[in-house]
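A.B. asks: Please build the complete structure, drawing on both the sequences and the hints.
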Amino acid sequence: MGVEVQEKKANSINLDTMLEILGNPTRRVILSKLAKVPHSTSELAKSLDISRQAVHSQLNILKDYGIIEEIDMEKRGGKYRIKSNLSLRVDITPDYYHIKYNLTKSESTDPTIQIKQFDETSKYKKINAPDKKIRYLGNRIKSIEDKIRTLEKQRKDLIQAKECFIVELKSIMEGAYEKKLGKKSPNLDNLEKEIFYTLFFNTNRYFNRINLDDLLEDLFFSDMDFIRRDQNKVSIKHLLRDLSQFMDFLKEDEDSWFFDL
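Just so we're aligned, residue 1102 is where the sequence shown starts under my numbering, counting upward by one.
Possibly wrong hints are sitting among the right ones.
Label pairs and their in silico Cβ distance ranges [what the hints assert, rightly or not]: (1) D1232 <-> L1270: 29 to 37 Å; (2) I1228 <-> D1361: 24 to 32 Å; (3) N1186 <-> S1323: 22 to 30 Å; (4) G1178 <-> P1126: 23 to 31 Å; (5) L1313 <-> N1240: 27 to 35 Å; (6) K1137 <-> K1254: 21 to 29 Å; (7) F1359 <-> L1252: 29 to 37 Å; (8) L1362 <-> I1162: 41 to 49 Å; (9) T1304 <-> S1143: 49 to 57 Å; (10) D1165 <-> Q1255: 19 to 27 Å.
No farther apart than 30 Å at their CA atoms in a straight line, the calculated lysine-lysine pairs in the BS3-like style are these [stated by the list, open to error]: (11) K1184 <-> K1234; (12) K1134 <-> K1254; (13) K1233 <-> K1243; (14) K1257 <-> K1234; (15) K1271 <-> K1201; (16) K1263 <-> K1234; (17) K1206 <-> K1243.
Hints listed in this document are in silico derivations from the structure and should not be mistaken for laboratory results. We treat Cβ as the ideally placed atom computed from N, Cα and C, and that holds for glycine.
C.D. replies: Below, the structure is given as structure tokens:
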């Protein structure tokens, strides 16, 4: 299990909120349009064939979470543009679960972000005709898309390889270790296995020192009330102690746990 957050903005946004934002088809269309051209409320209402009030409601939601901002406010019918980079990646397979999302302030409008940062200045400056500039930029964009496609294929292959290793881990766990743990804990429930697999679903998150709060979050205990959360934290400590008796890569030092592969 794993929900990885990379967030750099004042107004926090959790995974449920992000899924709710992107799960609304009207908001997705609005974001798609704003990514291409800034629009006013009336322009969006006309394009989407819905009322200005309905568009205004959706724009307010996106603005409240810092995803869009209003520009040309001094003019009547000010327009909106996207102000943040929003990314969501979901990997769910029969033997693996991982979600990574982030919301960061966009730097695309920063004057310091220019084409010269990408070693294109000398070639681009030699082109004078606008149509030739467009052709050049289009070719560069296509080249980048091809590289991204190659990286996505490599990532897919790596996820499959990771899943194969996790399947083997499950086979070992359900063999020797489950028998040992079963003798010690006849009432062994699924939580002990979930803790074990969670550590391996995201080894970078837990390698070396195990943050129990991160573990609670990945096991979906974070949103419980304070008492139940503490009860589960105690249970996790006991289960880690049971696991550590048979796995030398799990160690307890005072009140801290270490995952040392």
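A.B. asks: Now look at each hint and say whether the structure bears it out.
C.D. replies: Hints, verified against the model:
A hinted range of 29 to 37 Å for the beta carbons of D1232 and L1270 is inconsistent with their spacing of about 57 Å. Distance hint check: the CB atoms of I1228 and D1361 are about 55 Å apart, inconsistent with the given range 24 to 32 Å. As the Cβ distance of N1186 to S1323 is approximately 25 Å, the hint placing it in 22 to 30 Å holds. For G1178 and P1126, the hinted distance range of 23 to 31 Å is satisfied, since their beta carbons lie about 25 Å from each other.
The beta-carbon spacing between L1313 and N1240, approximately 51 Å, falls outside the hinted interval of 27 to 35 Å. The given range of 21 to 29 Å is respected by K1137 and K1254, whose C-beta atoms sit roughly 27 Å from each other. Checking the proposed 29 to 37 Å range against F1359 and L1252 shows it holds: the Cβ atoms sit about 33 Å from each other. The hint said 41 to 49 Å for the Cβ distance between L1362 and I1162, and at roughly 43 Å that hint holds.
Here the CB-CB span from T1304 to S1143 is close to 51 Å, well matched to the stated 49 to 57 Å. A hinted range of 19 to 27 Å is violated for the C-beta pair D1165 and Q1255, which are about 38 Å apart. In summary, the hint linking K1184 to K1234 is supported, as the alpha carbons are separated by about 27 Å, within the 30 Å threshold. Pair hint K1134 plus K1254 holds up; C-alpha atoms about 28 Å apart against a cutoff of 30 Å.
Of the supplied pair hints, the one linking K1233 and K1243 holds, its CA atoms being roughly 15 Å apart against a limit of 30 Å. Between K1257 and K1234, the direct Cα distance comes to roughly 35 Å. Violation of the 30 Å bound is thereby established for this hinted pair. The suggested pairing of K1271 with K1201 holds, with an alpha-carbon distance near 23 Å, which does not exceed 30 Å. Among the hinted pairs, K1263 with K1234 is inconsistent with the structure: their alpha-carbon atoms are about 43 Å apart, more than 30 Å.
Distance check on the hinted pair: K1206 and K1243 sit about 25 Å apart at the alpha-carbon level, within 30 Å; holds.
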